[in-house]
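Since chain V is already given, all that's left is putting chain B on it; use the hints.
Number of protein chains: 2
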Amino acid sequence: MAQKNVLIIGAGGVAQVSAHKVAQRAAEFGDLHIASRTVAKADAIIQTLRDKGHDMPFTSHALDAMDSDAVEALIRQLDAKIVINVGSAFINMTVLEGCIRAGAAYIDTAIHEDPAKICETPPWYANYEWKRREDVAAAGITAILGAGFDPGVVNAYARFAEDEYFDKIDSIDIVDINAGSHGRWFATNFDPEINFREFTGTVYSWQGGEWKENAMFEVGREWDLPVVGKRTAYLSGHDEVHSLAARYPAADVRFWMGFGDHYINVFTVLKNLGLLSEQPVTTAEGLEVVPLKVVKAVLPDPASLAPDYEGKTCIGDLVKGSLDGKQGEVFIYNVADHKEAFNEVGSQGISFTAGVPPVAAAILIARGVWDVKKMVNVEDLPARPFLELLGEMGLPTRVIDATGDHPI
Amino acid sequence: MAQKNVLIIGAGGVAQVSAHKVAQRAAEFGDLHIASRTVAKADAIIQTLRDKGHDMPFTSHALDAMDSDAVEALIRQLDAKIVINVGSAFINMTVLEGCIRAGAAYIDTAIHEDPAKICETPPWYANYEWKRREDVAAAGITAILGAGFDPGVVNAYARFAEDEYFDKIDSIDIVDINAGSHGRWFATNFDPEINFREFTGTVYSWQGGEWKENAMFEVGREWDLPVVGKRTAYLSGHDEVHSLAARYPAADVRFWMGFGDHYINVFTVLKNLGLLSEQPVTTAEGLEVVPLKVVKAVLPDPASLAPDYEGKTCIGDLVKGSLDGKQGEVFIYNVADHKEAFNEVGSQGISFTAGVPPVAAAILIARGVWDVKKMVNVEDLPARPFLELLGEMGLPTRVIDATGDHPI
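So the protein lines, in turn, are chains V and B. Every letter in the first sequence is one number past the one before it in the UniProt record's numbering, and letter 39, counting from 1, is 39. Every letter in the second sequence is one number past the one before it in the UniProt record's numbering, and letter 1, counting from 1, is 1.
The shape of chain V in the complex, shown without the other chains (with noise of 0.2 Å):
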């Protein structure tokens, strides 16, 4: 059978990651493709993949991703069999419309959003995603949902822990700890938009059987992870929870993200005066604006922190569970370095943490291993394969487990 061409769609500091890693595992896969809105933009990345020595074949293409005859057009076009959208996250269903039609394989990392709706109810996949369900199995493809880092990797997390520790599992707790530094007065580490918008409505949380409602910074917690130390993380809204409390509905799920005080105090000031907003302002000239895209426009671009950043990442799951009637617990979590990333791919760890995880599902869709013909989250499917080549591929697993640290 012909190796399967990959379209990846997006050229922001994620798809270069992806696309390094693409390019590194050349054998696996056929022709690798990049469209972006601004073409510029894929041809910059395919000059990186170039300037590391990679020679398979690589073009570039500008797209409408929000035009779903344009994205099945293409894929048509290319025959590109896997499509790892890695663009905005507004761009979801639209990409996924195209792949149903074009019969092509849909890996994404994030959540489907309405630009003009912040923190929809919950489970936030049923508002948009698995409302396709059917037409995904209709079709035949494989449509493997939130596979980056969190939600994707940490979703295989729990997995792995209901694969090899637990009968039954009584919360899960997921601890992202970002400890690198950037040198920037304030940035964020990806796009500012997507990234606030996370923090500016209620806080989902599943416990006890049922969502529970908070406000960011509202409950937050001292944790003691390897590598990074003691952190505060805080309770926060994320996409994984959404899934894993459908899978595990007897679990406590809650995501704590490690922010430090100027962080908030930032988004405090930024939230306050309304600056956050989704919803347009008309300024006293007659300008309609969305305050929130002037913020975006004055921070750094994300993907401009990656030289200078450093230090490490630590997120993992702490997951309690019992195993025929005796309680236990597991740490499983991965560690990244900013630099090392940026040295191999020439982005920052967070990028690198994102951008791997799509490319090990294409590869196992590639495979066969993960090439289910449904849509699936990621706790769906066997976590060991997953997490045993991200190993090889520069995230590797460990877990803190009674018989202590030690790599999966």
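Keep in mind the hints are simulated off the structure, nothing from the lab. Heads up, some of the hints might be wrong.
Which copy is meant is left open, so a pair is good if it fits within one copy or across any two.
As the list claims (entries may be wrong) - Derived lysine to aspartate or glutamate pairs resembling EDC-like cross-links, with alpha carbons at most 20 Å apart:
1) 312 <-> 176
2) 41 <-> 51
3) 374 <-> 224
4) 374 <-> 135
5) 271 <-> 43
6) 117 <-> 285
7) 271 <-> 218
8) 374 <-> 213
9) 271 <-> 261
10) 41 <-> 285
11) 373 <-> 222
12) 293 <-> 278
Here the structure is a predicted model, which is why all the values come from computation and not from measurement.
Structure of chain B alone, referenced to chain V:
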């Protein structure tokens, strides 16, 4: 001689105060006209005048005050003899031009600004207004610059010290403390665009016979003032330093403005992120927008603060000098009350202190006392008639000198 018609240009909170003060002193003037880009705002002010029972002839007009032909035409049409410019800081030069051509007296309350520039080289008045001195004299009109509270009344306080206390002035420290509370999370007391523009540039002070440069919030000092007590104020850039330094070149001239930690934090976040910039940025969607104008759009309208504003302001000059070789100092000040201002004219205290003095100046022009037929700053005019009239109009002056704390 017929009473002089007055034209107020601008229809914000300060204009409202000025309109009420003209109406209260109707016998001093002819008709009152109010012109604004948005005529509905002028109509709204006129309604508040009628609500208070005033019945002199009031007329509103739509005016683009950046168009000097339009200003000239309106002055001629109305036979206005005195123009009170309390519109935006960007219109001074076009309004002045209209007055020169039409032969009307000109009064403003703040220095001219170019929208595209922040903090030009000192002395600021020399960049725009003072270039028209000869034209004003040739036209035989009176132009009184900076006749609000600060600049304005505080310039008269310095002149009062010169007239009644010292033959040599060593230092003039102007201190502006607003100890009121508006009950909002954050708001500026006047146009946010002008408010922030004051503090984003270099802080110029006149010390040791030359211009000194500092950054905003670099130099703070605790003051202990009447009524408001101990407050921290910061060396700030302000209009009046730029004219007082010309009249008192041997004195140190400094302006101090009180800020709470909350204001400083919000300001620092906005400034460091680039959101106070007057230079346009381009959003990801290609929209060109000036960040500062978006910040203005999301902040509360200063006029909306009035109903809930409580507490007092204290603004004064600490003047040190000598008389016949004997050293001394005097603190000349006013205390205003936000709630009393609202009850009287429907505006908060900051607008009140700014809007009353230009009307006092207009009365002194109408009476001939200040009708000097040239361009002057307030310190160039005898202070006592102005301060006594202000006392009658709700802004009494007090003095702390060797004999104690007493009215002038």
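20 Å Cα cut-off: does residue 271 pair with residue 43 within a copy, between copies, both or neither?
neither (36 Å within a copy, 35 Å between copies)
Give the relationship of residue 374 and residue 224 under a CA distance limit of 20 Å: within one copy only, between copies only, both, or neither.
neither (39 Å within a copy, 73 Å between copies)
Please work out whether the CA atoms of residue 41 and residue 51 approach to 20 Å or closer within one copy, between two copies, in both situations, or in neither?
Close inside one copy (15 Å), not across copies (62 Å); limit 20 Å.
Alpha-carbon proximity between residue 41 and residue 285, which holds within one copy, between copies, both or neither at 20 Å
between (33 Å within a copy, 15 Å between copies)
For the identical chains here, do residue 312 and residue 176 meet the 20 Å Cα criterion within one copy, between copies, both, or neither?
within (11 Å within a copy, 48 Å between copies)
One pair to classify: residue 271 and residue 261, alpha carbons no more than 20 Å apart. Within, between, both, or neither?
Answer is both; intra-copy 15 Å and inter-copy 18 Å each pass.
Under a CA distance limit of 20 Å, which applies to residue 374 and residue 213: within one copy, between copies, both, or neither?
neither (31 Å within a copy, 67 Å between copies)
How do residue 373 and residue 222 come out at 20 Å by Cα distance, when the copy is not named: within, between, both, or neither?
Neither: 42 Å inside a copy, 72 Å across copies.
First find the shortest C-alpha distance between residue 374 and residue 135 inside one copy, then the shortest across copies, and answer within, between, both or neither for a cut-off of 20 Å.
within (9 Å within a copy, 82 Å between copies)
Since the copies are identical, ignore which copy is meant and state whether residue 117 and residue 285 lie within 20 Å (CA to CA) inside a copy, between copies, both or neither.
Between copies only: 18 Å across, 26 Å inside.
Under a CA distance limit of 20 Å, which applies to residue 271 and residue 218: within one copy, between copies, both, or neither?
within (15 Å within a copy, 27 Å between copies)
Intra- versus inter-subunit Cα pairing at 20 Å for residue 293 with residue 278
both (8 Å within a copy, 17 Å between copies)
The structure fails hints 3, 5, 8 and 11 (numbered hints given earlier, in ascending order).
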